[in-house]
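Using the sequences plus the hints, can you model the full thing?
In mature numbering (1 follows the signal peptide of the UniProt record, and there is no 0), the protein residues as written are -20 to -1, 1 to 264.
Hints listed in this document are in silico derivations from the structure and should not be mistaken for laboratory results. Because the structure is a prediction, the values reported are computed rather than measured. There's no promise every hint is true.
Only pairs whose alpha carbons sit at most 20 Å apart, straight line, appear in this in silico EDC-like list of lysine to aspartate or glutamate [to be verified]: (1) 208 x 178; (2) 40 x 15; (3) 193 x 231; (4) 132 x 81; (5) 36 x 14; (6) 153 x 104; (7) 76 x 104.
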Amino acid sequence: MKKMLLIIFMLLISATYTFAQKQITITEECVYLDELTASHIPHNKVECGFVAGSEKLITKNVIQSHLNQAGINGTVLNDVLVSRQWEKLSYEKVAKYIEDEYKKAYPDMSIVVDQVRIPDNLYDNPDAKMSIMCDTSKLGGSYAQIRYGNEKYQIYYYIKGYKDAYVTTERVKAGDSLAGKFKKEKVEITNLKNNIVENPAEMAASRAVPAGKIITSDIVQERPALKKGEAVKIVVSNGVLRIETQGVVEENAMPGKQVLVRNLTSQKVISGNYIGNGIVQAEF
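Rendered as structure tokens:
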């Protein structure tokens, strides 16, 4: 049995291998013996200095020399053309390009590229002009098209936008003035659906608003000239007869707008036009 094992061992160490590799692609700067021979022999360095996009022919004599140095009994049949892939297109490069495009569209906003999904097979080819087309009409998630020469690729990205806006500092009841109840701070407006209000001190809440709410056009209304329950003079006229009496508004009153008022003498509620200076004008 021992004699048989010895014979097998001697056959193995004296075996001659044939290597017929012709072309390989590498991703690093150096090429190794096991790559050139496509075998499980030692990972010995053969040559370095490959830059992205370059290729070089490694002759069979050079490969044979390295095989001999490694003590491997084999024959190399072919020269091997070694090509190094381009560097993969970096997240940073694409994100910077998209960020710059959005900054042009929104100069008053801070832009943050939150996500970019780049295909694994997309490489940065410095010999080809790269262009990126993205839809800057909205924030949030979208798709951009990257073009390298005649090649086109689609990538997904997500953009966040930040802007100075007015935010409520306390709860505001519907109809109450916003004056003195807000502060200015930078907020994310990526998914904001309504316009930011630039003059909240002149506005009132159109509905109950919690503290910390961005003040947008959907939650404000003109600040009323009179609030519900305030006293007014009711003037009723038909062009010939004019009557004046005291009343109170039954709802917030805006200049030039219709408002319900209660006649304090008759307790009747009528509609009239608030013309300012505490006067509601009504008709017979």
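Cross-check of the supplied hints:
Our distance criterion of 20 Å between C-alpha atoms is broken by residue 208 and residue 178, whose separation comes to about 26 Å. Distance restraint check for residue 40 and residue 15: the Cα-Cα separation of roughly 13 Å lies within the 20 Å cut-off, and the hinted pair is therefore satisfied. A distance of roughly 25 Å separates the Cα atoms of residue 193 and residue 231; the hinted pair therefore is violated under the 20 Å criterion. Distance restraint check for residue 132 and residue 81: the Cα-Cα separation of roughly 19 Å lies within the 20 Å cut-off, and the hinted pair is therefore satisfied.
Distance restraint check for residue 36 and residue 14: the Cα-Cα separation of roughly 17 Å lies within the 20 Å cut-off, and the hinted pair is therefore satisfied. Under the criterion of a C-alpha separation no larger than 20 Å, the hint pairing residue 153 with residue 104 is inconsistent with the structure, at around 57 Å. Only pairs whose Cα atoms come within 20 Å are accepted, and residue 76 paired with residue 104 is accepted, the gap being roughly 15 Å.
Of the numbered hints stated above, those contradicted by the structure are hints 1, 3 and 6, listed in ascending order.
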